[in-house]
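**Student:** Sequence:
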Amino acid sequence: MAIYNNIIQGVDKSFSVYNATYKQSYHSKSLGAYTETLLKHIYPALFFQQYGSFCDENTRKSFLTQVDSIQKYYKINTDLTPLQHILKTLTESIQTQNLTRPLRILDICFGLGYNAMLSLKYFQTCEIYSPEKDYFLQELYNFPYHNIAQSKTILHTLHTHSLYQNNTQTLYYLHGDALKILSSFSAGFFDIVFQDAFSQAHNKELWDAKYFQTLYNITKTPCIITTYAKAKVVLEAAQKAGFKTLKYVWGSVFYK
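Read left to right, the sequence shown gives residues 646 to 901 (this note's numbering).
Since the hints were derived computationally from the structure, they do not count as laboratory data.
Heads up, the beta-carbon is just placed ideally off N, CA and C, and yes, glycines get one too.
One thing to keep in mind: the hints can contain errors.
Per label pair, the in silico range of CB-to-CB distance [as the list claims (entries may be wrong)]: (1) K877 with L709: 18 to 26 Å; (2) H847 with H804: 21 to 29 Å; (3) K674 with H730: 23 to 31 Å; (4) H801 with K875: 33 to 41 Å; (5) H847 with Q783: 22 to 30 Å; (6) S829 with Y718: 41 to 49 Å; (7) K825 with L744: 26 to 34 Å; (8) N787 with C700: 40 to 48 Å; (9) G833 with K674: 21 to 29 Å; (10) K778 with A854: 15 to 23 Å.
Taking lysine-lysine and the DSS-like style, the derived pairs with C-alpha atoms no more than 27 Å apart in a straight line are [what the hints assert, rightly or not]: (11) K668 with K778; (12) K865 with K706; (13) K875 with K849; (14) K892 with K717; (15) K855 with K865; (16) K889 with K877; (17) K885 with K706; (18) K892 with K849; (19) K706 with K658; (20) K892 with K865; (21) K875 with K901; (22) K855 with K825; (23) K778 with K797; (24) K865 with K797; (25) K877 with K717; (26) K733 with K778; (27) K797 with K733; (28) K877 with K720; (29) K892 with K674; (30) K778 with K865; (31) K733 with K658; (32) K778 with K674; (33) K674 with K720; (34) K892 with K875; (35) K766 with K717; (36) K875 with K889; (37) K901 with K855; (38) K717 with K875.
Full structure from sequences and hints, please.
**Tutor:** Printed below as a string of C-alpha cells:
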C-alpha cells in the first residue's frame, strides 16, 4: 500500500492514511488519529478497568457525565487538557490494583498501530492481540506518529518477531484473516475489544451478528467493546449476540 501518497492530517495535527481499497481513512480528520484513539478507545477502556464493569447504572452515568465535560471543553478549546488529566488519574489508580494476570486486549485491527501502541503507554500490564490482513509494517517505520514514543522500535520488532515485549507488556501482531484468527482463542479470553475495523458498509463481515457472537464467546464477563460505530444496524447486531449497548457522543460501548 502506498502509505506516503495517501497521508492526511487531522485537526489535532496528527497523521492518518486514506485506504483506497476500502475508500476510507483509518481515522476521522475532524478529530485526528491521536485524539480519536484516546477518546474512542483508550479512555473508555481505562474507565472500564478502573470500575470493573459497565453493568452498573451509576457507573454508566458517571462515564456519560465525564464524557460530557470533556466534550464541552474540547468543543470550545479544541484541547485535550481535561482528558489528559483524567487519563493520568485513571492510569495511576489502576497501577495500584493487584492484577492476577495481564489485561487482555483484542485490537481489531492493527491498521496504522495507534490503538495498540497507545495502549502500551496507558496499560502497564497487558497483552494486546492485533490481527491485520494487510502487511505494511516496514512502510510505517518512518510514519510521522504523534506522541508515540519508540514507534519505530515497536514496528521493527513486530516486523522481525511478530511480537513486542517490554517488562509486563506484550503486543502480538497477527497477520492474516481476523475471523480465522479469532477462532483460535478460547472462551472468555479477552477483557477489552477495540472494534475499529473499516465501516460496516465496506467491511460487513466484521460487523454482523455472527461476528459479534464470536466476540461474545471469546470475551469474559464483564468485558467492554469500544467502537466509533453508532449505526442502529451495528448496535442491533451486538445486542442480538448478547451484548448491552451504550451510545454516546464519540461512539458506543458494548458490554456484558
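**Student:** Hint by hint, note whether the structure agrees.
**Tutor:** Verification of the supplied hints:
At about 19 Å, the beta-carbon gap between K877 and L709 stays in the expected band of 18 to 26 Å. Separated by about 27 Å at the C-beta atoms, H847 and H804 satisfy the suggested range of 21 to 29 Å. A C-beta distance of roughly 26 Å is found between K674 and H730, which places it inside the suggested range of 23 to 31 Å. Between H801 and K875 the Cβ separation comes to about 36 Å, which falls inside the hinted range of 33 to 41 Å.
A hinted range of 22 to 30 Å holds for the C-beta pair H847 and Q783, which are about 25 Å apart. With their beta carbons about 43 Å apart, S829 and Y718 fall inside the hinted range of 41 to 49 Å. Roughly 30 Å separates the CB atoms of K825 and L744, a value that falls within the hinted 26 to 34 Å. For the hinted restraint 40 to 48 Å between N787 and C700, the CB-CB distance of approximately 44 Å keeps it satisfied.
In this structure, G833 and K674 break the distance hint of 21 to 29 Å, their C-beta atoms being roughly 37 Å apart. Our hint of 15 to 23 Å for K778 and A854 holds, since their Cβ atoms are close to 21 Å apart. Using a Cα cut-off of 27 Å, the hinted pair K668 and K778 holds, with the two alpha carbons roughly 16 Å apart. With a C-alpha separation of about 23 Å, the suggested pair K865 and K706 falls inside the 27 Å cut-off, and the hint holds.
Among the hinted pairs, K875 with K849 is consistent with the structure: their alpha-carbon atoms are about 15 Å apart, no more than 27 Å. Distance check on the hinted pair: K892 and K717 sit about 17 Å apart at the alpha-carbon level, within 27 Å; holds. Simply put, K855 and K865 have alpha-carbon atoms about 18 Å apart, close enough for the 27 Å limit, and the pair holds. Restraint check: the Cα-Cα separation between K889 and K877 comes to about 13 Å, which is no more than 27 Å; the hinted pair holds.
The straight-line distance between the Cα atoms of K885 and K706 is roughly 24 Å, inside the 27 Å bound, and the hint therefore holds. At roughly 20 Å between alpha-carbon atoms, K892 and K849 fall within 27 Å of each other, so this suggested pair holds. Simply put, K706 and K658 have alpha-carbon atoms about 32 Å apart, too far for the 27 Å limit, and the pair is violated. With a CA separation close to 21 Å, the supplied pair K892 and K865 stays within the 27 Å bound.
Note on K875 and K901: the hinted pairing holds, with a Cα-Cα distance of about 18 Å set against a maximum of 27 Å. Proposed proximity of K855 and K825 is supported: the alpha carbons are some 13 Å apart, at most 27 Å. Only pairs whose Cα atoms come within 27 Å are accepted, and K778 paired with K797 is accepted, the gap being roughly 20 Å. Between K865 and K797 the CA atoms are separated by roughly 33 Å; this puts the pair beyond 27 Å, and the hint is violated.
This hinted pair checks out: K877 and K717 have alpha carbons roughly 25 Å apart, not beyond 27 Å. Between K733 and K778, the direct Cα distance comes to roughly 33 Å. Violation of the 27 Å bound is thereby established for this hinted pair. A hinted pair counts as satisfied when its Cα atoms are at most 27 Å apart, and K797 with K733 qualifies at roughly 24 Å. As the CA atoms of K877 and K720 are separated by approximately 25 Å, the hinted pair is consistent with the 27 Å bound.
A hinted pair counts as satisfied when its Cα atoms are at most 27 Å apart, and K892 with K674 qualifies at roughly 21 Å. Of the pairs offered as hints, the one joining K778 and K865 holds, with about 25 Å between alpha carbons and a cut-off of 27 Å not exceeded. With a C-alpha separation of about 22 Å, the suggested pairing of K733 with K658 holds against the 27 Å cut-off. Of the pairs offered as hints, the one joining K778 and K674 holds, with about 23 Å between alpha carbons and a cut-off of 27 Å not exceeded.
Of the pairs offered as hints, the one joining K674 and K720 holds, with about 15 Å between alpha carbons and a cut-off of 27 Å not exceeded. Distance restraint check for K892 and K875: the Cα-Cα separation of roughly 6 Å lies within the 27 Å cut-off, and the hinted pair is therefore satisfied. The straight-line distance between the Cα atoms of K766 and K717 is roughly 26 Å, inside the 27 Å bound, and the hint therefore holds. Our distance criterion of 27 Å between C-alpha atoms is met by K875 and K889, whose separation comes to about 13 Å.
Pair hint K901 plus K855 holds up; C-alpha atoms about 17 Å apart against a cutoff of 27 Å. Taking the CA atoms of K717 and K875, the gap is about 20 Å. The hint holds against a cut of 27 Å.
Checked against the numbered hints given earlier, this structure breaks hints 9, 19, 24 and 26; the rest are met.
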